[in-house]
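Undergrad: Go by the hints and put chain R onto chain W.
Number of protein chains: 2
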Amino acid sequence: MRHTYHEVEFCATKVALGLLSGKWKPIIFFHLASGALRFTELWRAIPRVSKKVLLEQLRQLEDASIVERTVHNGFPPEVTYQLTPKGAELAPILQRLDQWALTHIKGTVQIS
Amino acid sequence: MRHTYHEVEFCATKVALGLLSGKWKPIIFFHLASGALRFTELWRAIPRVSKKVLLEQLRQLEDASIVERTVHNGFPPEVTYQLTPKGAELAPILQRLDQWALTHIKGTVQIS
Chain W
0 MRHTYHEVEF
10 CATKVALGLL
20 SGKWKPIIFF
30 HLASGALRFT
40 ELWRAIPRVS
50 KKVLLEQLRQ
60 LEDASIVERT
70 VHNGFPPEVT
80 YQLTPKGAEL
90 APILQRLDQW
100 ALTHIKGTVQ
110 IS
Chain R
0 MRHTYHEVEF
10 CATKVALGLL
20 SGKWKPIIFF
30 HLASGALRFT
40 ELWRAIPRVS
50 KKVLLEQLRQ
60 LEDASIVERT
70 VHNGFPPEVT
80 YQLTPKGAEL
90 APILQRLDQW
100 ALTHIKGTVQ
110 IS
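Chains as they are written, first to last, in numbering that gives the first Met the number 0: chain W, 0 to 111; chain R, 0 to 111.
If we strip away everything but chain W, and leave its shape as in the complex, we get:
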């Protein structure tokens, strides 16, 4: 049994899964899927995450070009985060994954 192009495909999925494997990344992703949020809005929306950790996770999502950060000039200046077009294309896929999980994962699901 020979595998050539398949290996690349499997790896692509692995890389995609890896991009979202941070502790808070799926939660950040879904909050931003509804639109841009200010940093403090996002922080308040996610229970039990420190600002430091949230910033780190956001930076990793920025590095992966899934999230973009915009500084709005003004007084005081405002920083918002939103999905990039590439990130937005992930939204319907993750919604289907979410549906699958809600259907099949039994018992109490906790943030851990």
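Calculated directly from the structure, the hints in this document are not laboratory data. Keep in mind that this is a model prediction, so the values were computed, not measured.
A few chain R residues facing chain W, derived, Cβ under 10 Å:
(1) ALA11
(2) ALA15
(3) LEU16
(4) GLY17
(5) LYS85
(6) TRP99
(7) ILE104
In silico negatives: residues of chain R with every beta carbon more than 10 Å from chain W:
(8) LEU53
(9) GLY73
(10) GLU77
(11) VAL78
In this text, a Cβ means the ideal position worked out from N, Cα and C, and glycines have one as well.
TA: What follows is chain R alone, placed relative to chain W:
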């Protein structure tokens, strides 16, 4: 901003991503998406994985009810692995994730 049912949804996705977060699990998953395979077939299909590690990853996928193991009586007895119905429902979702990754992830993608 209050979050109630949303938290459960975000977590469901996180759990789903976690189920596939093992080093070889996406690769195992895609090989089995085409049909049942004997253990040695699966092992040969995946480059650079030890039998011990492959068995561990398969066991975790069995625990998650994504993969099932069948012992076929015969001489010698044969063990095959295949996706459960729950696992099979994941296939089209992961295929879309794969397409997204192939479109957007640039540069060399390596198994690591």
